[in-house]
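Protein chains in written order, with numbering that gives the first Met the number 0: chain A, 0 to 230; chain B, 0 to 269.
Just so you know, these hints were derived from the structure itself, not from any lab. Since this is a predicted model, take the numbers as computed values, not measurements. One should not assume that every hint holds.
[To be verified] Some chain A residues well away from chain B (every beta-carbon gap over 12 Å; in silico): (1) Arg83; (2) Glu127; (3) Ala158; (4) Gly174; (5) Ala213; (6) Leu224.
[To be verified] Keeping only pairs whose Cα atoms sit at most 27 Å apart, straight-line, the calculated BS3-like set for lysine-lysine is: (7) B:Lys257 / A:Lys17; (8) A:Lys17 / B:Lys49; (9) B:Lys23 / B:Lys233; (10) B:Lys23 / A:Lys17.
[As the list claims (entries may be wrong)] Computed list of chain A residues with no C-beta within reach of chain B, every gap over 12 Å: (11) Ser5; (12) Leu8; (13) Ile59; (14) Gly67; (15) Tyr78; (16) Phe94; (17) Glu128; (18) Val138; (19) Leu142; (20) Phe150; (21) Met205; (22) Asn215; (23) Tyr219; (24) Lys222; (25) Glu223; (26) Gln226.
Using N, Cα and C, we set each Cβ at its ideal position, and we do this for glycine too.
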Amino acid sequence: MSEALSAALALLIGLDSKLVEIVLLSLRVSLSAVAIAALVGLPLGAAIAVGRFPGRQTVIVLLNALMGLPPVVVGLLVYLLLSRAGPLGALGILFTPSAMVVAQAILILPIIAALSRQAIEDAWREYEEQLCSLGAGRVNAALTLLWDTRFSLLTTILAGFGRAAAEVGAVMIVGGNIDGVTRVMTTTIALETSKGDLPLALGLGMILIAIVIAVNAAAYLTKELAQRRYG
Amino acid sequence: MDLIRRFLLLAALLAALPALAQEKFIVVASTTSTEQSGLFGYLLPIFQKKTGIHVRVVALGTGQALDLARRGDADVVFVHARSAEDKFLAEGHGVRRFDVMYNDFVLVGPRADPAKVSGGGDILDALKKIKAAGAPFVSRGDKSGTHIAELDLWKLAGIDIAAEKGPWYRDTGQGMGPALNTAAAMNAYILADRGTWISFKNRGELAIVVEGDKRLFNQYGVMLVNPAKHSSVKKDLGQAFVDWIISSEGQKTIAEYKIGGEQLFFPNAK
Numbered sequence: 000m001s002e003a004l005s006a007a008l009a010l011l012i013g014l015d016s017k018l019v020e021i022v023l024l025s026l027r028v029s030l031s032a033v034a035i036a037a038l039v040g041l042p043l044g045a046a047i048a049v050g051r052f053p054g055r056q057t058v059i060v061l062l063n064a065l066m067g068l069p070p071v072v073v074g075l076l077v078y079l080l081l082s083r084a085g086p087l088g089a090l091g092i093l094f095t096p097s098a099m100v101v102a103q104a105i106l107i108l109p110i111i112a113a114l115s116r117q118a119i120e121d122a123w124r125e126y127e128e129q130l131c132s133l134g135a136g137r138v139n140a141a142l143t144l145l146w147d148t149r150f151s152l153l154t155t156i157l158a159g160f161g162r163a164a165a166e167v168g169a170v171m172i173v174g175g176n177i178d179g180v181t182r183v184m185t186t187t188i189a190l191e192t193s194k195g196d197l198p199l200a201l202g203l204g205m206i207l208i209a210i211v212i213a214v215n216a217a218a219y220l221t222k223e224l225a226q227r228r229y230g
Numbered sequence: 000m001d002l003i004r005r006f007l008l009l010a011a012l013l014a015a016l017p018a019l020a021q022e023k024f025i026v027v028a029s030t031t032s033t034e035q036s037g038l039f040g041y042l043l044p045i046f047q048k049k050t051g052i053h054v055r056v057v058a059l060g061t062g063q064a065l066d067l068a069r070r071g072d073a074d075v076v077f078v079h080a081r082s083a084e085d086k087f088l089a090e091g092h093g094v095r096r097f098d099v100m101y102n103d104f105v106l107v108g109p110r111a112d113p114a115k116v117s118g119g120g121d122i123l124d125a126l127k128k129i130k131a132a133g134a135p136f137v138s139r140g141d142k143s144g145t146h147i148a149e150l151d152l153w154k155l156a157g158i159d160i161a162a163e164k165g166p167w168y169r170d171t172g173q174g175m176g177p178a179l180n181t182a183a184a185m186n187a188y189i190l191a192d193r194g195t196w197i198s199f200k201n202r203g204e205l206a207i208v209v210e211g212d213k214r215l216f217n218q219y220g221v222m223l224v225n226p227a228k229h230s231s232v233k234k235d236l237g238q239a240f241v242d243w244i245i246s247s248e249g250q251k252t253i254a255e256y257k258i259g260g261e262q263l264f265f266p267n268a269k
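With the rest of the complex left out, here is chain A (with noise of 0.2 Å):
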């Protein structure tokens, strides 16, 4: 434990090209990740929250249940897609990071579309009536929902992040963890696992810690802010 803390704190002092080059590309991806599966999955829980069709409650399970898709799973089938042998092969970007970004979207799509849903239907129904007697429709009242919920969802794409920056299954399989072009912290750590540097392996995982809190503690601080501007 004791030599894990000192090869973390020797990567950090030396600041290691390779290891900068390592984190920025785990934030690239995960972040970008993020991004993509909370502009898809943000409406679609909201769709969901204040929606009413057939097969919903369905839907609503398919959905839960999914929050718990193993990444290798989700890493074989993307891989699967993005072979040359696959359907999307023509686009070449197996082993990139654009893999992996899709990889991760697909991971914390149903994460984030799940959470939020819970935390916009909650809403939902506190303020119905009150939403409906202002003439409001399903969209607009969707829209308002998302924005009064805002601070939940924040902590619904934190969730979503964590889970994408955490898994190394998906993005070993689609990425290939390729020196200088798709290898990340987690498939990092595998390696040096592998290799029987245990302490290494150990001092590159607190980092990894130490950023994801690095990540929370900067989205806190922003909602602590924007709380108390804007109430």
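Dock chain B against the given chain A, drawing on the hints supplied.
Positioned in the frame of chain A, the structure of chain B alone reads:
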């Protein structure tokens, strides 16, 4: 479905933009042993400097690496299991196979040596003793080159391992490093390639117990994936890599790679 497809395309394109600007590269499907031993880290920058070609290595077990190439997802394969390579060629997925280098497998085991095999030079004898003693043995179990070699050795020793294995035989389904970690944790015997063993750090109580048997020979081969079968294969760039690695310069570079003064791979291209 159409919407999902369009969304995926858009997301992929957006994220692909920086990648498109990149210069020429090839994808080489290779084994964990060559990657984890650090050979590529030493070799590829030299090749890149000479030719300007970036080599993206995807390190998998030999079986998986060949499967990847079967789907057209690699330009070159660089693996170590002759029988699997010949099958790959026979199916028409490869153009031509070249010997590149060799090292050898070693039997690694706990210093306490419960099966009393240490110092022996006969790997088959050692395997028989391990089985007789029921001493813990960790198998890769992942269709890698090392796993295929291990299965061949059991067969040569006259043991039908699939039928005769007991709880002492731990099939882990992992790469070389993780399997070594497992063996170190439970003081088990394990067949490893020398390259990975030399560069492996978490040895615990493990040490080499049997080495030097001719049957532990480990040959690596390289093949260009057949562009006639997979149109996406970068024929010229891939061929340039194959040509270089079997050239006298490439061979010399392989011989120069050492860890702690110890040479890991011995070039033998013809």
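Hints, one by one, checked against the model:
1. A Cβ of chain B approaches the Cβ of Arg83 of chain A within 12 Å, the least distance being about 3 Å, so the stated non-interface status is violated.
2. No Cβ of chain B approaches the Cβ of Glu127 of chain A within 12 Å, the least distance being about 29 Å, so the stated non-interface status holds.
3. Even its closest Cβ contact with chain B, about 20 Å, leaves Ala158 of chain A beyond 12 Å, as expected for a residue assigned away from the interface.
4. Non-interface status of Gly174 of chain A relative to chain B is broken: a Cβ of that chain comes within 12 Å, the nearest being about 9 Å off.
5. Every CB of chain B is more than 12 Å from the CB of Ala213 of chain A (nearest about 23 Å), matching its label as outside the interface.
6. In this structure Leu224 of chain A is separated from chain B by more than 12 Å, as the shortest Cβ-Cβ distance comes to about 29 Å.
7. At most 27 Å may separate the alpha-carbon atoms for a hinted pair to count; Lys257 of chain B and Lys17 of chain A meet this at roughly 22 Å.
8. A hinted pair counts as satisfied when its Cα atoms are at most 27 Å apart, and Lys17 of chain A with Lys49 of chain B qualifies at roughly 22 Å.
9. A C-alpha spacing of about 10 Å is found between Lys23 of chain B and Lys233 of chain B, which places the hinted pair at or below 27 Å, so the restraint holds.
10. As the CA atoms of Lys23 of chain B and Lys17 of chain A are separated by approximately 21 Å, the hinted pair is consistent with the 27 Å bound.
11. For Ser5 of chain A, the condition that its CB be more than 12 Å from all CB atoms of chain B holds, with the nearest at approximately 15 Å.
12. Annotated as non-interface, Leu8 of chain A keeps its C-beta farther than 12 Å from every C-beta of chain B; the closest such distance is 19 Å.
13. Every CB of chain B lies more than 12 Å from the CB of Ile59 of chain A, the least distance being 19 Å, so the non-interface label holds.
14. Listed as outside the interface, Gly67 of chain A is consistent with that label: its C-beta sits roughly 20 Å from the nearest C-beta of chain B, beyond the 12 Å cut-off.
15. Not every Cβ of chain B is farther than 12 Å from the Cβ of Tyr78 of chain A; the closest lies at roughly 8 Å, contradicting the non-interface assignment.
16. Distance to chain B contradicts Phe94 of chain A as a non-interface residue, since its nearest Cβ pair spans about 6 Å, not more than 12 Å.
17. A cut-off of 12 Å between C-beta atoms confirms that Glu128 of chain A is not in contact with chain B; the least separation is 34 Å.
18. Under the 12 Å C-beta cut-off, the non-interface status given to Val138 of chain A relative to chain B holds; the minimum distance is some 18 Å.
19. At roughly 21 Å from the closest C-beta of chain B, the C-beta of Leu142 of chain A stays outside 12 Å, upholding its exclusion from the interface.
20. Distance check on Phe150 of chain A: its Cβ is at least 27 Å (rounded) from any Cβ of chain B, clearing the 12 Å threshold; non-interface status holds.
21. With a closest Cβ-Cβ approach of about 18 Å to chain B, Met205 of chain A is found to remain outside the 12 Å limit, as its non-interface label requires.
22. The non-interface label for Asn215 of chain A is consistent with chain B: the shortest C-beta to C-beta separation is roughly 24 Å, beyond 12 Å.
23. The non-interface label for Tyr219 of chain A is consistent with chain B: the shortest C-beta to C-beta separation is roughly 27 Å, beyond 12 Å.
24. Remark: the non-interface label on Lys222 of chain A is consistent with the geometry, its nearest Cβ contact in chain B lying 27 Å away (cut-off 12 Å).
25. For Glu223 of chain A, the condition that its CB be more than 12 Å from all CB atoms of chain B holds, with the nearest at approximately 31 Å.
26. The beta carbon of Gln226 of chain A sits about 31 Å from the closest Cβ of chain B, which is more than 12 Å, so the claim that it is off the interface holds.
The structure fails hints 1, 4, 15, 16 (numbered hints given earlier, in ascending order).
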